[in-house]
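Trainee: As a plain string of letters, each chain reads:
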Amino acid sequence: EDQVTQSPEALRLQEGESSSLNCSYTVSGLRGLFWYRQDPGKGPEFLFTLYSAGEEKEKERLKATLTKKESFLHITAPKPEDSATYLCAVRFLLNDYKLSFGAGTTVTVRA
Amino acid sequence: NAGVTQTPKFQVLKTGQSMTLQCAQDMNHEYMSWYRQDPGMGLRLIHYSVGAGITDQGEVPNGYNVSRSTTEDFPLRLLSAAPSQTSVYFCASSYSAPDWSNQPQHFGDGTRLSIL
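In order, the protein sequence lines correspond to chains A and B.
For the first sequence, the numbering used here assigns the number 111 to the last residue and increments by one with no breaks.
For the second sequence, the numbering used here assigns the number 1116 to the last residue and increments by one with no breaks.
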């Protein structure tokens, strides 16, 4: 069964302390991998789409990368406003009618 | 530009009651979907629609009905509420062309539903 696993579950960072979040998935054929940000009490907000291994996307302090088995979301010099839960979602070649979401990584950035 | 609007934001029901969660979008998106989000789990797809008059089941459809009479609206009906349906429900929409499966989805802010 296609699965999406995110790690770590929670990440506490000091302001300016760069780190990475991981999203791994079973390799049964990838149509697209999506990163979302979710703030408390809000719906997920789209960040990036990645389609093929080697692809990279950047937005402000965030950079997403993709390999054949996993994706990383790098947060460079984070600020307190980067505190949120980051969700990874995959659309697989088989069962492409649905997005398979990971459980998320909750990032807390302290000033 | 309102985006995806969900009502109500909060609701408490008794077991066995029925209700409809409303979802409306003003972006002329063809694709709409409903998810539930439970603690420690990823969002799970309940039902989806690729256009007016077309709906299909997601991975957890039991106990829920949907209809799509207009492009803008996609209501979710709970037929007979059960405590296991206590969750946060999100509606999402996206363009369909050229390939609906790779369009980013736009989410509403959710309905927090408690079943007693």
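Treat the hints as calculated values from the structure; they're not laboratory data.
A portion of the hints provided could be inaccurate.
Claimed, not checked - Below are the DSBU-like pairs computed for lysine-lysine, each with C-alpha atoms no more than 30 Å apart in a straight line:
id, chain 1, residue 1, chain 2, residue 2
1, A, Lys69, B, Lys1009
2, A, Lys59, A, Lys42
3, A, Lys79, A, Lys63
4, A, Lys79, A, Lys57
5, A, Lys63, A, Lys42
6, A, Lys63, B, Lys1014
Trainee: Is the hinted pair A/Lys59 and A/Lys42 satisfied, with a Cα-Cα distance of at most 30 Å?
Mentor: 20 Å, holds
Trainee: Within a Cα-Cα threshold of 30 Å, do A/Lys63 and B/Lys1014 meet the stated pairing?
Mentor: It is violated: about 45 Å lies between the C-alpha atoms, which goes past 30 Å.
Trainee: Can the restraint linking A/Lys63 and A/Lys42 be considered satisfied, given a maximum Cα separation of 30 Å?
Mentor: Roughly 22 Å separates the two Cα atoms, so the pair holds.
Trainee: Is the Cα-Cα distance between A/Lys79 and A/Lys57 30 Å or less?
Mentor: OK: A/Lys79 and A/Lys57 at ~19 Å, within 30 Å.
Trainee: Given the hint that A/Lys79 pairs with A/Lys63, test it: the Cα-Cα distance must not exceed 30 Å.
Mentor: At roughly 15 Å apart (the allowed maximum being 30 Å), A/Lys63 and A/Lys79 satisfy the hint.
Trainee: With a cut-off of 30 Å on the C-alpha distance, tell me whether A/Lys69 and B/Lys1009 pass.
Mentor: Status violated; Cα separation ~37 Å.
When each numbered hint is compared with the structure, violations occur for hints 1, 6.
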